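First to last, the sequence lines map onto chains W and U. Using our numbering, the letters of the first sequence map in sequence onto residues 803 to 1021. Using our numbering, the letters of the second sequence map in sequence onto residues 91 to 208.
Derived by calculation from the structure, the hints in this document are not laboratory data. Heads up, some of the hints might be wrong.
Partial list, computed: chain W residues near chain U (C-beta under 10 Å) [claimed, not checked]: (1) Leu819; (2) Val822; (3) Val844; (4) Phe845; (5) Leu846; (6) Val865; (7) Ala874; (8) Ile892; (9) Leu893; (10) Leu896; (11) Ala966; (12) Leu982; (13) Ala988; (14) Val992.
Small disclaimer: the values here were computed from a predicted structure and weren't measured. Beta carbons are placed, not taken as given, at the ideal position from N, Cα and C, and that holds for glycine.
Here is how the chains run, residue by residue.
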Amino acid sequence: MNVLLAVILILAAISALGVVFSSKTIYSALSLVLTVALLAAVFLVLNAQFLFVVQLIVYAGAVMVLFVFIIALLDPTAEDRPRLFDPRLILGVLAVAGLCTAVFIAARNDVTYDTACTTQAVTCMHGYTVGSLAATGDLSADPFHTFGFPENAVDRAGNVQTLANQIFHTYVLPFEITSLLLLVAAVGAVYLTRRVAVGPRRDPQAEERWRDELVEGGE
Amino acid sequence: MLSDYAPILVFLGICILFGAGVPLLSSVLGPRRPSPEKELPYESGIVPSISARRRFSVSFYVTAMLFIVFDVESIFLFPWATIVRQLRVFGVVEMGVFILVLLLGLVYIWAKGALRWD
């Protein structure tokens, strides 16, 4: 399984590099589709079937459609790609590298996120002890069964059911707030693209030139 | 457990082989007699009047954005449906509020005429 995971992640890293280094924006978008699909495969290997499907439907499907439409919305002839050794780029690479190193070091050293967590042995997140149930079998350490589900318990209840129980039972308010987030997205899209005066900008001269070229080539 | 997905992997492999193999075969075996008509984007169709490489209408963006919003909404219905019997009335009310909020959004979009294509 680890070998499979490594292969998928290496492929994902390669296609992620393709996103950055592609010569055309649309190729970058297609590389991003591949990256997202490979991350979906990671979810599948990690036994998260629902997330796998969501990743494919929402990210590889809907979000990528939006990305491609935005690329089509921008003028494809006027490509404005950043220079490879832009000082801002170097700064960005350094920032990402630093952040990744920090997260890696933190993860390797069981850094506690919440100081309210008193147990030293287990990692803490959002005030709950991660993996406590699996490690100690102590139910009281994880009153809401937030993390650390025993694998067989998840299999017995069902993967989707366990997730659903978290969304619709433990995290009801965040779930309801999600609807507001979606509402803002929908209203924002409609507001930003409202008709003020002109329709889509067209360049009649360029179209004429292009048509002439095509007819000349065809005859 | 993971070996259950082996048929899908085989299917994916066949798809990739077929998708890559057929164009390759046709480029190797097919005769090559180019003519100006064959070089047109649509060989026996209408000659395109304008370049495809121009900016698209912003209406596509609105449609894509609204699609994402209601796509994500429907994604939430799937896990909800698996435990709606255990949640009983609470589950129905909870999802009702969620859908109502988005329904208000739909009413706004409708009233603004964003669903009309013109």
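Hint numbers not upheld by this structure, sorted from lowest to highest: 1, 2, 3, 4, 8, 9 and 10
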